[in-house]
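For chain F, the structure is supplied; the task is to place chain P on it using the hints.
Number of protein chains: 2
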Amino acid sequence: MTIRKVAILGVGLIGGSLAAALKRAGTAAQVVGYTPGDDAQVARALGHIDSASASVAEAVSGAAFVVLAAPVPTLPALLAEARPHLDAQAIITDCASTKRSVVEAARQALGDAFLRFVPGHPIAGSERSGPQAANPDLFRDKRWLLCPLDSTPTQHVEAVSRLLEPTGARIDLLDAQLHDRIFAEVSHWPHAVAFAMAAAIAGGELADRAIEFSGAGLRDTSRIAASSPTLWADIMLDNREACLASAARFRERGEAIIAALEAGDRDALVEIFGAASRWRSRLA
Amino acid sequence: MTIRKVAILGVGLIGGSLAAALKRAGTAAQVVGYTPGDDAQVARALGHIDSASASVAEAVSGAAFVVLAAPVPTLPALLAEARPHLDAQAIITDCASTKRSVVEAARQALGDAFLRFVPGHPIAGSERSGPQAANPDLFRDKRWLLCPLDSTPTQHVEAVSRLLEPTGARIDLLDAQLHDRIFAEVSHWPHAVAFAMAAAIAGGELADRAIEFSGAGLRDTSRIAASSPTLWADIMLDNREACLASAARFRERGEAIIAALEAGDRDALVEIFGAASRWRSRLA
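In order, the protein sequence lines correspond to chains F and P.
Each residue of the first sequence is one higher than the last, beginning at 1 in the working numbering.
Each residue of the second sequence is one higher than the last, beginning at 285 in the working numbering.
Reference listing, derived: stretches of chain P covered by chain F, where coverage requires no fewer than 3 residues with Cβ under 8 Å from a Cβ of chain F:
| no. | region |
| --- | --- |
| 1 | 480-487 |
| 2 | 512-519 |
Now the stretches of chain F that chain P is said to cover, found in silico as 3 or more residues with beta-carbon under 8 Å:
| no. | region |
| --- | --- |
| 3 | 194-201 |
| 4 | 205-219 |
Keep in mind that the hints were calculated from the coordinates and are not lab data.
Built from N, CA and C at the ideal position, the CB exists for glycine as well.
Bound-form chain F, shown alone:
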């Protein structure tokens, strides 16, 4: 069955890629996008969406699905703006990297429609951003997590799962609070570490030499430090508590390495590196 209209609020890398996947599959009669800036026009020009809406109201009117794919700090205002124009049956989902704060914002903003809100998080991305970086295969064989509340009717979760089918992503369910702790550990804090490493090199006297002599190791280790500074500042602040818990564990291991180096304690280094190496070897 064809979906009549999908509204995507935010059509950068994530929203644009979802739109492109829906357009290619032809599962929705109309895919519209809204952004406050120029991204929607660019996404339109690239063919990711059928039309760029002039307002949130225009975008969500008559839409069977409303997908929030804008930066985390903008979501409360977007939800409030969308609320009065939502179709009575519209199902709302989001793509934010953090889930607890979005759930709270939706609870505040959506009223009765909160029952039709299915929090989501596609586990895909790139250090690139914007609609130019979007592609319909971004989510293929990646996970797309849905974090419904106990009160969320199963049929709405299933509806979002069907909507996402053309992306080729694997849909999995996860508790929102556990989600935020896990992603602080595997994504948010690792971004902070990569930023810290690149910033330290950038601020040192060997910054230019480091560009010249970097190998695959530094290239991989620092890749995500090319990510959007504002996007990641907002994600980490939004998930601050869990990020600080991950930071504390990281700091403790980093200080142990420095202490072992200072003391010339080879056994201590080998023990820390060994624990790291054994764990990392489990990552396919």
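Below, chain P alone, put in the same frame as chain F:
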């Protein structure tokens, strides 16, 4: 002109790959390998070398080139063992990731032959190790740095450059002391950071969940944490002073990020992340 014999002391990933490149090119009549353990037999079985020597003495006897490709801490003893059996014209080079300590060890061990020692460092590697991971294209289009001393005759540097031609590496010259500072910054300390990150996750209560939910970001950022713990402990201890200088800069940026997160200071985060992102974007 065909080289009569090349002796490679240590035929793991690096030595095995060099041997395989020489064998494939046919520029040496004989490529022999020596290791105290089984690696040389494995390298022989894989066809990387013509024969596995039973001793350092046997390996280096009559060799026009002696290449040290064994772990850093073993190099002083290897050099001392090789010394009495070196051909009077033999040119010696090494592949260690640090240069100052190897130069000192060679100065101590080699006597007159120190003039024929050309310190080297191929900028290629893998988180894998051992002769099984070796391949003749490991160095293709990568840099191979040579760090001759002021006293090293140019003809010996040129001879090593010609020896390495079949690897497809680009030969560049670099001062040994500057080399060690640069590589602390772009390789040694980044390995410590990756080890610290993986060890922190491995030691946390989400270690298993992190395996399940990791994306490309963590995979890339932690890739080099799968590297050999003893190899990297030895490299960092060998280049301790420079590593601690890199560590200090990194710690300062990491602590600034934690402080900004604690204070909810978005501007401070964006500034640090921005400096990181601008620098990283210069890495092709």
